[in-house]
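Chain by chain, the residues:
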Amino acid sequence: GNSVTQMEGPVTLSEEAFLTINCTYTATGYPSLFWYVQYPGEGLQLLLKATKADDKGSNKGFEATYRKETTSFHLEKGSVQVSDSAVYFCALDRGATGTASKLTFGTGTRLQVTL
Amino acid sequence: NAGVMQNPRHLVRRRGQEARLRCSPMKGHSHVYWYRQLPEEGLKFMVYLQKENIIDESGMPKERFSAEFPKEGPSILRIQQVVRGDSAAYFCASSPLDRGYEQYFGPGTRLTVT
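As you go down the protein sequences, you meet chains A and B in turn.
Note that the numbering used here gives residue 26 to position 26 of the first sequence, counting from 1, and the numbers run on in steps of one.
Note that the numbering used here gives residue 53 to position 53 of the second sequence, counting from 1, and the numbers run on in steps of one.
Each hint should be verified, as a subset may be incorrect.
Claimed, not checked - Using 25 angstroms as the maximum straight-line C-alpha spacing, the simulated PhoX-like pairs for lysine-lysine come out as follows:
#1 A/K49 / A/K77
#2 B/K71 / A/K49
#3 A/K49 / A/K60
#4 A/K68 / A/K56
#5 A/K52 / B/K44
#6 A/K60 / A/K77
#7 A/K49 / B/K27
#8 A/K49 / A/K68
#9 B/K27 / B/K71
Calculated from the structure, these hints are not laboratory results.
Bound conformation, chain B alone (with noise of 0.2 angstroms):
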């Protein structure tokens, strides 16, 4: 049973560029959500989403950043018009449906802004 898979593992990015984050879920998970690490800090949640719907975007900045986890495919986390400040990595987790506190982790998108 494959992990959870994100790619790219490294992205550069400059200013004013768009960064895509794909995260595809452990199998049989139908929860996934998104963390931002910087450096030196530890994880802050951003968005939690099941199939089609965003539960959760309460960590999520409310411009230039969006995510979707649509039917077929892997969940997406956008960043519009890129800034230095969004350099950090990115982690994607996913859970069980009847045990949403197990989560699993991905091996993280570093975004380095120049």
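Isolated chain A (complex conformation) (with noise of 0.2 angstroms):
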């Protein structure tokens, strides 16, 4: 079956250092890869998206290359701000585009970034 490895957090970073979460994934198939965040107490928002090997998604800074020799999608930005503080999560879905899918989560990884 599908799955989703991330690395496990909590990730403390200084403001303005660079920030990379590594996720890695098992899926038959071609699957779309996801970066979803969620701040304290609110619900997922999705960051990014890559649905075929190779695309890069990115979205306010943040950005991921969909890496099919190595199945991976790791996370990056450049420079990471207090407001990046959040719990973010690698997903996939079965990649079968214009068709509904559930998605497979990673557990998460927990960034703090201090002043």
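Hints are included, so try docking the two chains, each in its own frame, into the full complex.
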């Protein structure tokens, strides 16, 4: 079955530091890959996505590249801010574009950014 | 355009009572999904519905849990005879018909069973 593995947190960084959160996956076929962010007390928000190999998703300074050869989708940001403190979830779906799908999530990585 | 709405945000039930969680999808979205998040864990898929149809309930416990998405009104996740292990955050998501992989989440309902 499909699965997603994320690096364990918490990750604690100083403001303006470089961020990497690792994510690897196991899936049949060609899944689409996602990063979601959850701020305290809120639901998940879609941060970025990539639907095929070598695609790069980007949003709000975050980016991730779909690497089929290493089955990875690592999240990066060049300079984090305190407001980026949240839990980040990597997820995949079956990849059948246009059809509804159930997402498979990693366990989440908590990021804490300090001044 | 309002986002996905869930209510209540917090729900406290005693063991053996029933819990009803409501979800109104985004306008124009025809698919609704329910996920459960246990403490310190990721979200686990429970069920996917379209109007008046359950499409995939492979993640739903076989007993005590049911879901519906009627022609009119919100989607309902119902948990009968709750137990302490049902304490969790329950998230609803919706997606448009032609982009099922693009799911938008509500703020969740945090169920506490005492």
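Against the 25 angstroms threshold, does the CA-CA distance of B/K27 and B/K71 hold or violate the hint? Holds. B/K27 to B/K71 sits at ~14 angstroms (cutoff 25 angstroms).
Satisfaction of hint between A/K56 and A/K68, Cα-Cα up to 25 angstroms: 12 angstroms, holds
Are the Cα positions of A/K49 and A/K77 separated by 25 angstroms at most? 15 angstroms, holds
Can the restraint linking A/K49 and B/K27 be considered satisfied, given a maximum Cα separation of 25 angstroms? 22 angstroms, holds
For a C-alpha distance cap of 25 angstroms, please report whether A/K49 and A/K68 respect it. 14 angstroms, holds
Compare the distance between the alpha carbons of B/K71 and A/K49 with 25 angstroms, and conclude whether the hinted pair is satisfied. The given pair, whose Cα atoms are some 31 angstroms apart, is violated under the 25 angstroms limit.
Is A/K52 close enough to B/K44, meaning Cα to Cα at most 25 angstroms? 24 angstroms, holds
Is the straight-line distance between the alpha-carbon of A/K60 and that of A/K77 25 angstroms or less? 9 angstroms, holds
Quickly compare the C-alpha distance for A/K49 and A/K60 to 25 angstroms and report which way the hint goes. The given pair, whose Cα atoms are some 13 angstroms apart, holds under the 25 angstroms limit.
Hint 2 alone, counting from the list given before, is not met by this structure.
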